[in-house]
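Q: Those protein sequences? They're chains A and B, same order as listed.
Per UniProt numbering, residue 1 is the first one in the first sequence, and the count goes up by one each step.
Per UniProt numbering, residue 1 is the first one in the second sequence, and the count goes up by one each step.
Incorrect hints may have been included.
Unchecked claim - Here chain A is said to cover these stretches of chain B; the calculated rule only asks that three of the stretch's residues, wherever they fall, bring their Cβ under 8 Å from a Cβ of chain A: (1) 92-104; (2) 149-155.
To be verified - Cβ-to-Cβ under 8 Å is the rule here; a few derived chain B residues that face chain A: (3) Asp-81; (4) Ala-187; (5) Val-302; (6) Thr-304.
What the hints assert, rightly or not - Anything over 10 Å on all C-beta distances counts as not near chain B; from chain A, calculated: (7) Pro-5; (8) Ala-128; (9) Tyr-150; (10) Pro-279; (11) His-291; (12) Pro-298; (13) Glu-354; (14) Glu-355; (15) Ser-363; (16) Ala-378.
The hints are simulated quantities; they were obtained by calculation from the structure and are not laboratory data.
The structure presented is a predicted model; accordingly, all values stated were derived computationally and were not measured.
Note that the Cβ used here is the ideal one computed from N, Cα and C, for glycine as well.
Protein chains: 2
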Amino acid sequence: MSGCPGAGEPADRAARVALTWLAEPGNRAVWTLVQQAGAPAALDRLLDGDIPDARLRSAVTARLRSGDPRRVAEIALRRADRLGARLVVPADDEWPTRVDDLATLELDAGGIVNQDTRPPLCFWVRGAPALGETLERSVAIVGARASTPYGRHVTTDMAYSISGKGWTVVSGGAFGIDTAAHRGALAADGRTVAILACGVDRPYPAGNSAMFDRIAERGLLVSEWPIGAAPFRHRFLIRNRVIAAITAGTVVVEAAARSGATQTMSRVLALGRPAMVVPGPVTSAMSVGCHEILRGHPYARVVTSATDVLEEVGRIGEYLADPPRGPEHRRDSLDEESALIMESLPSRGALTPEELAVGARLSLRTVLRRLSLLEMAALVVRTGDGFALSPDQRPIRHSDE
Amino acid sequence: MSGCPGAGEPADRAARVALTWLAEPGNRAVWTLVQQAGAPAALDRLLDGDIPDARLRSAVTARLRSGDPRRVAEIALRRADRLGARLVVPADDEWPTRVDDLATLELDAGGIVNQDTRPPLCFWVRGAPALGETLERSVAIVGARASTPYGRHVTTDMAYSISGKGWTVVSGGAFGIDTAAHRGALAADGRTVAILACGVDRPYPAGNSAMFDRIAERGLLVSEWPIGAAPFRHRFLIRNRVIAAITAGTVVVEAAARSGATQTMSRVLALGRPAMVVPGPVTSAMSVGCHEILRGHPYARVVTSATDVLEEVGRIGEYLADPPRGPEHRRDSLDEESALIMESLPSRGALTPEELAVGARLSLRTVLRRLSLLEMAALVVRTGDGFALSPDQRPIRHSDE
Numbered sequence: 001m002s003g004c005p006g007a008g009e010p011a012d013r014a015a016r017v018a019l020t021w022l023a024e025p026g027n028r029a030v031w032t033l034v035q036q037a038g039a040p041a042a043l044d045r046l047l048d049g050d051i052p053d054a055r056l057r058s059a060v061t062a063r064l065r066s067g068d069p070r071r072v073a074e075i076a077l078r079r080a081d082r083l084g085a086r087l088v089v090p091a092d093d094e095w096p097t098r099v100d101d102l103a104t105l106e107l108d109a110g111g112i113v114n115q116d117t118r119p120p121l122c123f124w125v126r127g128a129p130a131l132g133e134t135l136e137r138s139v140a141i142v143g144a145r146a147s148t149p150y151g152r153h154v155t156t157d158m159a160y161s162i163s164g165k166g167w168t169v170v171s172g173g174a175f176g177i178d179t180a181a182h183r184g185a186l187a188a189d190g191r192t193v194a195i196l197a198c199g200v201d202r203p204y205p206a207g208n209s210a211m212f213d214r215i216a217e218r219g220l221l222v223s224e225w226p227i228g229a230a231p232f233r234h235r236f237l238i239r240n241r242v243i244a245a246i247t248a249g250t251v252v253v254e255a256a257a258r259s260g261a262t263q264t265m266s267r268v269l270a271l272g273r274p275a276m277v278v279p280g281p282v283t284s285a286m287s288v289g290c291h292e293i294l295r296g297h298p299y300a301r302v303v304t305s306a307t308d309v310l311e312e313v314g315r316i317g318e319y320l321a322d323p324p325r326g327p328e329h330r331r332d333s334l335d336e337e338s339a340l341i342m343e344s345l346p347s348r349g350a351l352t353p354e355e356l357a358v359g360a361r362l363s364l365r366t367v368l369r370r371l372s373l374l375e376m377a378a379l380v381v382r383t384g385d386g387f388a389l390s391p392d393q394r395p396i397r398h399s400d401e
Numbered sequence: 001m002s003g004c005p006g007a008g009e010p011a012d013r014a015a016r017v018a019l020t021w022l023a024e025p026g027n028r029a030v031w032t033l034v035q036q037a038g039a040p041a042a043l044d045r046l047l048d049g050d051i052p053d054a055r056l057r058s059a060v061t062a063r064l065r066s067g068d069p070r071r072v073a074e075i076a077l078r079r080a081d082r083l084g085a086r087l088v089v090p091a092d093d094e095w096p097t098r099v100d101d102l103a104t105l106e107l108d109a110g111g112i113v114n115q116d117t118r119p120p121l122c123f124w125v126r127g128a129p130a131l132g133e134t135l136e137r138s139v140a141i142v143g144a145r146a147s148t149p150y151g152r153h154v155t156t157d158m159a160y161s162i163s164g165k166g167w168t169v170v171s172g173g174a175f176g177i178d179t180a181a182h183r184g185a186l187a188a189d190g191r192t193v194a195i196l197a198c199g200v201d202r203p204y205p206a207g208n209s210a211m212f213d214r215i216a217e218r219g220l221l222v223s224e225w226p227i228g229a230a231p232f233r234h235r236f237l238i239r240n241r242v243i244a245a246i247t248a249g250t251v252v253v254e255a256a257a258r259s260g261a262t263q264t265m266s267r268v269l270a271l272g273r274p275a276m277v278v279p280g281p282v283t284s285a286m287s288v289g290c291h292e293i294l295r296g297h298p299y300a301r302v303v304t305s306a307t308d309v310l311e312e313v314g315r316i317g318e319y320l321a322d323p324p325r326g327p328e329h330r331r332d333s334l335d336e337e338s339a340l341i342m343e344s345l346p347s348r349g350a351l352t353p354e355e356l357a358v359g360a361r362l363s364l365r366t367v368l369r370r371l372s373l374l375e376m377a378a379l380v381v382r383t384g385d386g387f388a389l390s391p392d393q394r395p396i397r398h399s400d401e
């Protein structure tokens with residue numbers, strides 16, 4: 001939206017805050033409206049009751065009974081100012097562009113949370129470093145709250161070493177593995193970012209307040225929810241998509257069967273990012289989720305140390321020489337293998353990854369990895385069972401002229 | 001060789017024993033000679049000094065200084081008879097046909113042991129059950145001698161449950177994980193087989209004698225080496241190929257970095273059999289080898305329980321409706337996917353697995369699994385980087401008639 005007139009100006013910023021208050025972040029209908037019309041116009045439409053999506057309409061109606069969104073936004077922005085927190089929107093230089101890849105995330109079947117996976121409209125940030133730059137070289141380390149001494153030991157060690165290599169450690173601020181990850185990074189005097197599911201003014205859990213203060217001094221507290229927002233249960237699941245999308249890769253250390261970490265991992269895999277798992281004793285309930293991910297996802301990788309982790313995320317750099325900024329430069333910055341795939345795609349119609357592997361003379365694994373990145377870069381689009389060139393990447397044909 | 005005149009008769013049996021004494025089992029040159037001329041003629045040629053392979057020639061010359069192979073074989077067979085042990089050769093009904101798949105194993109680069117991977121010429125067996133039948137539904141569980149309580153606990157549990165489901169547990173009789181595997185199976189009153197690297201008259205290590213006696217009562221002690229053979233160090237690595245090939249799949253529980261278990265696993269993977277790994281704490285030196293295998297081999301699978309293991313080996317049955325017996329029936333008994341692959345192969349020339357995946361409209365993973373089995377069944381052969389129909393599977397072309 002950075003190209004929209006007025007993007008990044010006060011009206012745009014306030015509208016994004018109001019929209020996040022009206023509907024939970026990630027809402028597909030809201031995000032689509034903002035993409036089409038810009039945030040202020042989207043807010044106008046919602047306030048006018050011009051909402052085709054029935055679920056969103058009833059949510060907005062209910063919300064409007066408790067306040068005026070424009071007024072709520074105004075207050076939140078003023079309170080943030082007093083607190084030393086700032087709002088970051090896509091038009092800002094410090095916007096972490098990786099989260100926009102959520103736009104390409106396929107919708108899973110299932111509940112509401114699985115549908116609310118669109119990119120954030122804005123972030124509230126506490127801490128000095130620039131958001132995007134801090135997250136450029138970052139790894140998420142997440143896991144169980146009810147962790148074991150083994151899990152916390154491995155996490156602290158890993159976060160300490162990753163941090164020592166100049167990478168930012170991202171986690172969710174919860175007890176257990178998250179806390180060990182933040183603490184490990186702080187112990188190394190490294191940068192760490194807590195992605196919260198509530199306002200940055202009252203990071204949850206309160207038992208970690210001292211740690212949150214230290215994070216805000218050296219790193220960042222980040223949230224999509226406005227100042228004052230409470231950590232409702234469903235918000236953690238919505239938040240998890242940001243942890244998956246904002247980092248170069250995610251490590252899970254200890255997770256119970258079918259837990260939040262498992263859900264985060266499926267987002268990481270869907271985004272084509274390195275999905276890394278620390279194994280543990282098969283006799284430990286807290287490693288069941290980890291082994292479940294490894295058994296269920298052929299692309300999830302075992303990692304046993306910071307070295308393994310940096311080897312996995314380091315590979316990202318091989319694929320796209322430069323993170324794509326605008327559509328005009330995107331194709332020029334492609335690595336050789338991605339270029340081969342682009343050249344193998346027909347001007348009309350789709351090919352399966354297997355067909356592309358043959359056409360581009362690459363391994364299927366390489367093709368799948370590259371396709372994920374090309375899809376994120378909006379150079380290719382997913383069709384039923386294959387991939388095709390994005391409409392704007394198709395060569396101009398004579399008959400079209 | 002079951003089709004050779006005289007196969008399975010006393011001269012064939014004695015010659016196989018003599019050949020195993022003259023050169024270590026798995027020797028490529030000896031095995032090729034036996035395939036071409038039969039065991040008695042192969043022995044004659046070796047004793048006449050008609051040996052093109054220089055390494056084998058010097059080994060045989062050295063060996064002949066310490067005795068007459070025919071006489072050694074005669075004594076070994078007589079001693080076996082007194083001990084209640086028997087010799088099993090490929091012509092026997094109880095021959096475990098799966099080991100013949102070693103004939104298709106690609107040679108790795110590297111040392112002597114890596115070249116000596118041909119199928120066994122014979123087995124010495126102590127115990128009542130028929131060898132082939134006992135191993136038909138069998139899983140190998142192997143791992144470190146210097147195991148931890150965690151590894152032994154998991155192994156005992158797993159072996160107990162696998163055994164309780166009617167599967168035979170195969171291991172190597174060593175201290176540590178091997179012992180836990182045998183003991184777990186014995187505790188379930190199940191069948192267990194120890195594949196030894198020395199004579200079945202003196203199973204190694206002697207500290208496990210009581211266990212070996214129990215195994216011989218309910219299961220089998222098996223070795224390629226004649227009665228009286230000592231457990232030389234290099235023999236364990238030669239023996240490992242049999243553990244990999246004789247079972248439906250292999251589980252590694254605890255292994256040090258670059259250990260024997262890692263080598264066994266590479267054989268298992270090369271044979272296209274389920275290669276299963278029990279993860280452990282990343283802080284344990286005894287799990288480093290396990291995680292190394294998982295990181296290095298995309299087809300190695302995490303298993304956490306007997307259920308996981310049986311799920312993996314159970315799949316074997318899906319691929320070939322019936323274990324192929326003779327070449328004439330092999331193609332008829334193919335499952336649909338294997339048949340699709342066979343039909344996709346050209347009458348001359350090879351295709352890569354990726355090309356076959358496209359041609360047969362199957363996933364690459366399916367194609368790779370099926371190709372391994374088709375290769376074992378000698379229906380396809382591996383070429384430089386692809387697969388081709390075996391010469392006897394090629395359709396007769398008019399120009400050839």
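Q: Which of the stated hints cannot be reconciled with the structure, identified by number in ascending sequence?
A: Hint check: 1, 3, 4, 9, 10, 11, 12, 13, 14 and 15 fail, others pass.
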